[in-house]
Amino acid sequence: MNLLTVIVILPLVGFLLNGLLGPRLGKPFVSAVGCGLPILAFLAAVRCFLLVQGSGGEQPLVEVAYNWATFGDRSFDIAFYFDRLSAVMTLIVTGVGSLIHVYSTGYMKDDPSYARYFAYLNLFLFFMLLLVLGRSLLVCFVGWEGVGLASYLLIGFWFEDPEKAAAGKKAFITNRVGDAGFLLGLFLIYHTLGTLEMDRINSAFLAPTLPAVSASLVGILLFIGACGKSAQIPLHVWLPDAMAGPTPVSALIHAATMVTAGVYLVARLNGIYQHAPEASHVIAIVGAATAFFAASVAVVQTDIKKVLAYSTLSQLGYMFVALGVGAYGVAVFHLYTHAFFKACLFLGAGSVIHALGGEQDIRKMGGLAKKIPITFVTFAVATAAIAGIPPLAGFFSKDEILWFAFSSATGGSPLLWAIGSITALMTSFYMFRLLWLTFLTPSRMSQEVEHHVHESPLNMSGVLIVLAVLSAVGGFVKIPDFLEHVLPLARAGGELEHFEMPLLVFSVIVALTGLAGAIMVYGKGLAKGEVLAARFQGLHRLLSNKYYVDEIYEACLYRPLHWVSDRIFLGVGDRFLIDGSLNGMAALAQRAAGRLSRVETGSLQFYVLLAVGGAAGCLIWMWRHG
Amino acid sequence: MDKSQLLLWVGIGLFAIGLVGVMIRRNALVMLMCMELMLNGVILSLVTFSQRTATLSGAVLVFLIFVVAAAEIAIAIPIVLLLSRQRRTLDVEAYSSLKG
Chain A
173 MNLLTVIVIL
183 PLVGFLLNGL
193 LGPRLGKPFV
203 SAVGCGLPIL
213 AFLAAVRCFL
223 LVQGSGGEQP
233 LVEVAYNWAT
243 FGDRSFDIAF
253 YFDRLSAVMT
263 LIVTGVGSLI
273 HVYSTGYMKD
283 DPSYARYFAY
293 LNLFLFFMLL
303 LVLGRSLLVC
313 FVGWEGVGLA
323 SYLLIGFWFE
333 DPEKAAAGKK
343 AFITNRVGDA
353 GFLLGLFLIY
363 HTLGTLEMDR
373 INSAFLAPTL
383 PAVSASLVGI
393 LLFIGACGKS
403 AQIPLHVWLP
413 DAMAGPTPVS
423 ALIHAATMVT
433 AGVYLVARLN
443 GIYQHAPEAS
453 HVIAIVGAAT
463 AFFAASVAVV
473 QTDIKKVLAY
483 STLSQLGYMF
493 VALGVGAYGV
503 AVFHLYTHAF
513 FKACLFLGAG
523 SVIHALGGEQ
533 DIRKMGGLAK
543 KIPITFVTFA
553 VATAAIAGIP
563 PLAGFFSKDE
573 ILWFAFSSAT
583 GGSPLLWAIG
593 SITALMTSFY
603 MFRLLWLTFL
613 TPSRMSQEVE
623 HHVHESPLNM
633 SGVLIVLAVL
643 SAVGGFVKIP
653 DFLEHVLPLA
663 RAGGELEHFE
673 MPLLVFSVIV
683 ALTGLAGAIM
693 VYGKGLAKGE
703 VLAARFQGLH
713 RLLSNKYYVD
723 EIYEACLYRP
733 LHWVSDRIFL
743 GVGDRFLIDG
753 SLNGMAALAQ
763 RAAGRLSRVE
773 TGSLQFYVLL
783 AVGGAAGCLI
793 WMWRHG
Chain B
43 MDKSQLLLWV
53 GIGLFAIGLV
63 GVMIRRNALV
73 MLMCMELMLN
83 GVILSLVTFS
93 QRTATLSGAV
103 LVFLIFVVAA
113 AEIAIAIPIV
123 LLLSRQRRTL
133 DVEAYSSLKG
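The listed protein sequences derive, respectively, from chains A and B.
My numbering puts the first residue of the first sequence at 173, with every later residue one more than the last.
My numbering puts the first residue of the second sequence at 43, with every later residue one more than the last.
Don't read these hints as lab results, they were simulated from the structure.
Among these hints, one or two may not hold up.
Computed list of lysine to any residue pairs in SDA-like fashion (alpha-carbon distance at most 25 Å, straight line) [what the hints assert, rightly or not]:
id, chain 1, residue 1, chain 2, residue 2
1, B, Lys141, A, Pro629
2, B, Lys141, A, Lys718
3, B, Lys141, A, Gln762
4, B, Lys141, A, Glu772
5, B, Lys141, A, Ala759
6, B, Lys141, A, Arg770
7, A, Lys543, A, Gly695
8, A, Lys718, A, Pro334
9, A, Lys281, A, Ile546
10, A, Lys650, A, Asp371
11, A, Lys718, A, Ile345
12, B, Lys141, A, Val784
13, B, Lys141, A, Ala787
14, B, Lys141, A, Leu776
15, B, Lys141, A, Val185
16, B, Lys141, A, Tyr779
17, B, Lys141, A, Leu781
18, B, Lys141, A, Ser775
19, B, Lys141, A, Gly774
20, B, Lys141, A, Thr773
21, A, Lys650, A, Pro660
Values in this document were obtained by computation on a predicted structure and should not be read as measured data.
Could you build the full structure based on these sequences and the hints that come with them?
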């Protein structure tokens with residue numbers, strides 16, 4: 173039985189059923205299809221995982237679903253490839269995906285476009301599975317573009333609001349920039365290697381004789397693609413705006429799965445990056461910059477979802493740092509723990525927003541711990557996990573990243589570690605600030621809102637509990653060791669081994685310092701924070717405006733492009749050249765016809781005269797020319 | 043001047059009279075008759091040439107032209123009739139509503 177194909181096809185079936193029949197067959201049908209098929213896909217993925225494990229775990233499952241095209245002796249197959257890395261990704265995508273589908277049945281209960289929502293969500297899962305299971309980069313690229321489409325559709329889900337529709341467009345267009353790099357990398361690989369199958373690409377680069385192409389060039393081109401999808405500097409601007417979509421969508425697409433596609437791509441093609449130290453350095457630097465930049469912005473954000481969005485950017489930056497220093501398995505480890513705690517945080521935020529009837533500003537929250545206890549406890553667990561408090565999941569993965577950033581023989585340096593540690597401090601600070609301002613400080617809600625606060629129904633709170641448990645215990649699974657034969661780990665520089673323990677202790681201290689700082693400043697409410705903001709006004713303004721990146725892009729990219737389009741392409745090209753020449757031709761024909769019509773005098777005799785004159789002219793001409 | 047040359051001159055004369063008639067007269071019926079005259083001038087020259095070169099195909103062509111001319115006039119006369127019924131006149135100047 174073609175299990176892998178089944179995994180991919182199930183959500184597609186869900187999309188078709190919900191998209192075509194959903195609005196007619198009602199909500200129970202939509203919920204059953206929308207949640208049932210992803211859960212079935214998850215079960216199939218578990219079965220595949222057991223099959224791989226049963227055969228020792230070394231041998232991947234490979235399935236050719238369809239022969240797409242054949243040119244001469246080269247053929248493009250839609251083939252699926254299931255090794256341990258794909259297994260981890262598939263289980264995250266289908267598992268967390270299913271949980272979020274279930275949560276959505278509560279969150280979107282009263283939305284008029286319920287069926288459309290689930291259809292899009294299933295479509296997203298389909299493309300995401302295509303992305304992680306595809307053996308060929310081509311299939312992966314189809315999934316890559318597809319998740320971009322699904323993301324666009326879901327960000328702009330409430331498209332009646334022009335601001336939300338614009339956020340969708342921004343995400344789509346920013347991603348195009350990255351996709352251009354991805355495509356160029358694809359062409360380059362195909363041109364030199366003649367194959368796009370990822371396992372063959374890796375083995376070609378790991379062979380004793382290197383292929384005749386610069387690994388760094390290929391690596392950087394593909395990383396540009398990863399940058400777009402995973403929202404790294406300078407293509408990060410779309411992710412905070414993407415929070416315009418429904419909150420479960422932010423949890424699934426813009427935190428747990430889709431934005432990690434770039435991490436997956438780089439990890440999957442580690443064969444290239446092992447031979448591309450320059451590209452790896454670029455990745456590490458971009459990752460560290462993004463981690464630091466986003467964490468500093470998150471410190472001053474006041475929208476609960478924006479804080480989490482910048483936190484996602486920052487955590488993705490961590491993953492890229494790990495990739496850049498050659499610790500591929502560690503990056504996937506953080507991806508895996510991040511999927512749990514960030515999904516839990518976003519869904520918890522959704523639960524808060526749901527309870528408060530749409531309020532997202534943390535300055536107007538507070539004191540929710542007693543009112544919605546389940547949400548509070550799960551949110552607190554996930555917060556502690558992301559802040560790196562032991563023994564929760566985030567502690568293990570973040571600590572490993574910091575360790576490799578410090579010690580890796582391929583690109584590790586104390587500077588990277590220092591940036592990572594400062595980021596960890598800020599992460600801990602802004603997450604506990606969020607926790608305190610939302611749940612623990614005295615209430616700042618209006619009477620009206622406070623009166624309506626209610627705990628979410630079981631289909632939402634249950635999901636929160638499951639994710640909180642996973643965020644708590646997820647770190648005990650040693651993903652890097654588990655993946656070692658797929659994703660080789662960087663070696664630590666020899667004499668650094670004895671630093672491991674002090675660094676570990678240090679990162680715990682960092683996390684606790686962040687916690688203490690947050691309590692000190694925000695433990696009683698907003699007042700102290702405002703005093704600080706007033707003292708460091710310039711810095712505060714810089715951070716609140718996200719370093720003015722959007723404004724810079726507008727001035728440097730949007731304005732010149734708009735000017736060129738408006739004045740040159742529209743004014744000169746379209747209006748003057750194209751319209752002008754067409755209108756000119758039409759006017760010429762009209763005027764010529766006006767002149768010619770004077771020949772039609774209405775006098776038959778004149779016509780005869782003309783005919784005779786013409787005939788005589790013809791005769792004379794023929795006579796003259798023999 | 044031999045006989046065939048004379049006949050050719052007669053044909054040319056008929057054609058010229060018809061042509062002038064078409065060009066200067068305004069009565070639609072007279073114009074039609076003049077057109078027949080031109081046709082007859084052409085037919086006469088055709089017969090003359092066919093006699094002179096002793097080929098039969100010219101004579102055959104003449105019969106064909108008779109048939110076609112009969113058919114043509116059978117359509118032209120009713121058109122003129124209908125026109126005159128509409129405007130009560132045969133003057134072609136009255137029918138110039140399509141002029142530019």
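Problem set entry | Contradicted hints - numbers only | When the structure is compared with the hints, numbers 1, 2 and 15 turn out to be violated.
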